[in-house]
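S.K.: So you can see what is in the structure, the chains are spelled out below.
Protein chains: 2
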Amino acid sequence: MRKGNTIFFKTQPRVSSFAAVCGSKEREGIIGGYADVTLQDDMYGESTYEKAECKMLSAAIQISVAKGGFTESDIGLMVSGDLLNQIISASFSARQFRFPFLGVYSACSTMSESMLVAAMSVDSGFAKAAVAATGSHFASAERQYRYPLELGCTRPPQSQWTVTGAGSCVISDKGNIKITNATIGKVCDWGVTDVNNMGAAMAPAACSTLLQHFKDTQTLPQDYDIIVTGDLGALGSRILKDLMWEKGYDISANHVDCGEIIYKVIEDEFQGGSGAGCSAVVMNSYIFTKMAAGLYKRVLFAATGALLSTVSSGQGESIPCISHAVELEGV
Amino acid sequence: MRKGNTIFFKTQPRVSSFAAVCGSKEREGIIGGYADVTLQDDMYGESTYEKAECKMLSAAIQISVAKGGFTESDIGLMVSGDLLNQIISASFSARQFRFPFLGVYSACSTMSESMLVAAMSVDSGFAKAAVAATGSHFASAERQYRYPLELGCTRPPQSQWTVTGAGSCVISDKGNIKITNATIGKVCDWGVTDVNNMGAAMAPAACSTLLQHFKDTQTLPQDYDIIVTGDLGALGSRILKDLMWEKGYDISANHVDCGEIIYKVIEDEFQGGSGAGCSAVVMNSYIFTKMAAGLYKRVLFAATGALLSTVSSGQGESIPCISHAVELEGV
Numbered sequence: 087m088r089k090g091n092t093i094f095f096k097t098q099p100r101v102s103s104f105a106a107v108c109g110s111k112e113r114e115g116i117i118g119g120y121a122d123v124t125l126q127d128d129m130y131g132e133s134t135y136e137k138a139e140c141k142m143l144s145a146a147i148q149i150s151v152a153k154g155g156f157t158e159s160d161i162g163l164m165v166s167g168d169l170l171n172q173i174i175s176a177s178f179s180a181r182q183f184r185f186p187f188l189g190v191y192s193a194c195s196t197m198s199e200s201m202l203v204a205a206m207s208v209d210s211g212f213a214k215a216a217v218a219a220t221g222s223h224f225a226s227a228e229r230q231y232r233y234p235l236e237l238g239c240t241r242p243p244q245s246q247w248t249v250t251g252a253g254s255c256v257i258s259d260k261g262n263i264k265i266t267n268a269t270i271g272k273v274c275d276w277g278v279t280d281v282n283n284m285g286a287a288m289a290p291a292a293c294s295t296l297l298q299h300f301k302d303t304q305t306l307p308q309d310y311d312i313i314v315t316g317d318l319g320a321l322g323s324r325i326l327k328d329l330m331w332e333k334g335y336d337i338s339a340n341h342v343d344c345g346e347i348i349y350k351v352i353e354d355e356f357q358g359g360s361g362a363g364c365s366a367v368v369m370n371s372y373i374f375t376k377m378a379a380g381l382y383k384r385v386l387f388a389a390t391g392a393l394l395s396t397v398s399s400g401q402g403e404s405i406p407c408i409s410h411a412v413e414l415e416g417v
Numbered sequence: 087m088r089k090g091n092t093i094f095f096k097t098q099p100r101v102s103s104f105a106a107v108c109g110s111k112e113r114e115g116i117i118g119g120y121a122d123v124t125l126q127d128d129m130y131g132e133s134t135y136e137k138a139e140c141k142m143l144s145a146a147i148q149i150s151v152a153k154g155g156f157t158e159s160d161i162g163l164m165v166s167g168d169l170l171n172q173i174i175s176a177s178f179s180a181r182q183f184r185f186p187f188l189g190v191y192s193a194c195s196t197m198s199e200s201m202l203v204a205a206m207s208v209d210s211g212f213a214k215a216a217v218a219a220t221g222s223h224f225a226s227a228e229r230q231y232r233y234p235l236e237l238g239c240t241r242p243p244q245s246q247w248t249v250t251g252a253g254s255c256v257i258s259d260k261g262n263i264k265i266t267n268a269t270i271g272k273v274c275d276w277g278v279t280d281v282n283n284m285g286a287a288m289a290p291a292a293c294s295t296l297l298q299h300f301k302d303t304q305t306l307p308q309d310y311d312i313i314v315t316g317d318l319g320a321l322g323s324r325i326l327k328d329l330m331w332e333k334g335y336d337i338s339a340n341h342v343d344c345g346e347i348i349y350k351v352i353e354d355e356f357q358g359g360s361g362a363g364c365s366a367v368v369m370n371s372y373i374f375t376k377m378a379a380g381l382y383k384r385v386l387f388a389a390t391g392a393l394l395s396t397v398s399s400g401q402g403e404s405i406p407c408i409s410h411a412v413e414l415e416g417v
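Heads up: the protein sequence lines correspond to chains A and B, in order. Following our numbering, the numbering of the first sequence begins with 87 at its first residue and continues without gaps. Following our numbering, the numbering of the second sequence begins with 87 at its first residue and continues without gaps.
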């Protein structure tokens, strides 16, 4: 069923199992005690950053499948994407598992888009169990989007730190976290051109999707135990709260942003974490663990993505952004 | 309903309208008389190739929406992706239309993946009407994947020519072309590392999906008026026919490949066309026009995609490929 831009799942598919792999820096923060694997060395035994990123994603998928008691033949669909050009981490992971595979791209909101498509498939009977997964790696993202690490460029204060990590969940009909509905985002572009200020660029997209979601589901912010945005960071989160306040919604009491909370000390990474792996690891470790334990009953997860490329920015374009929201409820 | 890797649509959503935009070189070939817009100048009045590619995609979408008698508010979902890094053509088109947007990436099989996801959404009641669209541009693909055009590099004989064009269709409950089922592909990699020989790399993926499809649907090649693959080109098509023959299926009588048929003279472009736009323009002009007129009754469309990037090839990886198939039937 559809209302506005929100799709309501009649069977309410479940998050059956979940897993997260994170880097050494991420281990120091809030998810350190919740991740399934934390790396000693961010190369993860591989010869390149890109291969390490792919290996993290594959590991997260494999662990989530195993934790749910699924065999590889139970998985009818894998929905995944990542930040690398042509989503090679996802495609090369899919090569390894040989699951039927749908590649998606939604920048840092890939986790919620993957969950949305996977839940849609399970709800409609197109797959009994579907994997939704994504990840990112600080070093591969830096060299693709910014500068070679070896240059040692100074980071501006509004910048965020791409998370090294991957998260995966299996969606099927079993488990105690149900997916009740999802709001499909529209692309928003408020003209921000500063590629170091993703939080400011993405906040309007998060605002647009949250407003749409509250309207479609006839809920209010206080109906949720927690409203989790993807990776707006500290600055972007403040902007989102302001934007929501202007529209008559106060989310200050129960909003958290994965980018803002993932690192222990807001120092080197300035506004916090970002990257497709950011909300993927926070959701698939900390949040889902708390939900499975009954500590959070109703969660709204709205990951955010900046849909730029180095070429679009180089050609003078501003940054289009999107946010897809998934509503989760403890059974 | 699901059987094997094939999903069967209970409501059998329809291709309600379709449109294609193609470049000046493509106009000379089979689709010239069927495309809605053919460009005089492949820059399409824009300052860069990438902006021209995006404009073609937007034009195809707009025309397909208008031809079906839809207004922009009727469109509940846009599913799109393209070959450019971070699928900027799709994202920037989505910015223009403000449709709820799911970004996908499946290289040159993006048209069939988009149709599959859009059909899934319509069939499940998650969207009343959904756009599936993709495109590519010779010049933007060359400079991203290969060499600057200005270098004038010699093309090897096994190479294909990236199609300049975009195609879009609207899927809803009205129209005389129904989508009965779709087979979700698995990633296949037979170890081909020659980035100029995409046909050889992709043929095994097409073979795998066709075999799976025939098994799941209990059909044979002769049950279809035409079996359309994406962009294997002349060499890849011969490989596919051989592979199918070895497995006991003779597709030689009714197989056509969009890459093989799109250009008039197989000369400069060697093995034919490729790119996400290749099958997108052929399907959304020539094939759908013939289906709508009742000339083809049952069509199997299996686009193929090579999931490599310049980084993966540079790091010594072989080329993983995928093919998603969509079965279409005249009403």
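One or more of the hints may lead you astray.
Identical copies go unnamed one by one, so any copy, or any two together, can satisfy a pair.
Unchecked claim - Here are the simulated DSSO-like pairs of lysine-lysine, each with C-alpha atoms no more than 27 Å apart in a straight line:
hint: 1; residue 1: K153; residue 2: K89
hint: 2; residue 1: K214; residue 2: K301
hint: 3; residue 1: K350; residue 2: K96
hint: 4; residue 1: K153; residue 2: K301
hint: 5; residue 1: K333; residue 2: K96
hint: 6; residue 1: K376; residue 2: K89
hint: 7; residue 1: K264; residue 2: K89
hint: 8; residue 1: K333; residue 2: K350
hint: 9; residue 1: K96; residue 2: K214
hint: 10; residue 1: K264; residue 2: K350
hint: 11; residue 1: K264; residue 2: K333
hint: 12; residue 1: K301; residue 2: K383
hint: 13; residue 1: K89; residue 2: K214
hint: 14; residue 1: K153; residue 2: K333
hint: 15; residue 1: K383; residue 2: K89
hint: 16; residue 1: K260; residue 2: K96
hint: 17; residue 1: K260; residue 2: K301
hint: 18; residue 1: K327; residue 2: K153
hint: 19; residue 1: K96; residue 2: K327
hint: 20; residue 1: K301; residue 2: K350
hint: 21; residue 1: K327; residue 2: K214
hint: 22; residue 1: K350; residue 2: K260
hint: 23; residue 1: K350; residue 2: K214
hint: 24; residue 1: K260; residue 2: K327
hint: 25; residue 1: K96; residue 2: K153
None of these hints come from the bench; they were simulated from the model.
S.K.: Does each hint hold? Answer for all of them.
M.R.: The hints, checked one at a time:
1. K153 x K89: between (34 Å within a copy, 26 Å between copies)
2. K214 x K301: between (31 Å within a copy, 19 Å between copies)
3. K350 x K96: neither (40 Å within a copy, 50 Å between copies)
4. K153 x K301: For K153 and K301, the Cα distance exceeds 27 Å both inside one copy (36 Å) and across copies (32 Å).
5. K333 x K96: Classified as neither; 30 Å inside a copy, 41 Å across copies.
6. K376 x K89: neither (29 Å within a copy, 36 Å between copies)
7. K264 x K89: Cα proximity of K264 and K89: in one copy and across copies (19 Å, 25 Å).
8. K333 x K350: neither (32 Å within a copy, 57 Å between copies)
9. K96 x K214: Answer is both; intra-copy 15 Å and inter-copy 17 Å each pass.
10. K264 x K350: neither (30 Å within a copy, 54 Å between copies)
11. K264 x K333: Cα proximity of K264 and K333: none, with 29 Å in one copy and 43 Å across.
12. K301 x K383: Close inside one copy (21 Å), not across copies (44 Å); limit 27 Å.
13. K89 x K214: both (25 Å within a copy, 11 Å between copies)
14. K153 x K333: Answer is neither; intra-copy 42 Å and inter-copy 37 Å both fail.
15. K383 x K89: within (23 Å within a copy, 35 Å between copies)
16. K260 x K96: Both. Shortest intra-copy (15 Å) and inter-copy (24 Å) distances satisfy the 27 Å Cα cut-off.
17. K260 x K301: neither (29 Å within a copy, 29 Å between copies)
18. K327 x K153: neither (36 Å within a copy, 42 Å between copies)
19. K96 x K327: neither (32 Å within a copy, 43 Å between copies)
20. K301 x K350: Intra 35 Å, inter 53 Å, cutoff 27 Å: neither.
21. K327 x K214: Intra 38 Å, inter 33 Å, cutoff 27 Å: neither.
22. K350 x K260: neither (34 Å within a copy, 55 Å between copies)
23. K350 x K214: Intra 38 Å, inter 45 Å, cutoff 27 Å: neither.
24. K260 x K327: Result: close neither inside a copy nor across copies, 35 Å intra and 43 Å inter.
25. K96 x K153: Within one copy only: 26 Å inside, 33 Å across.
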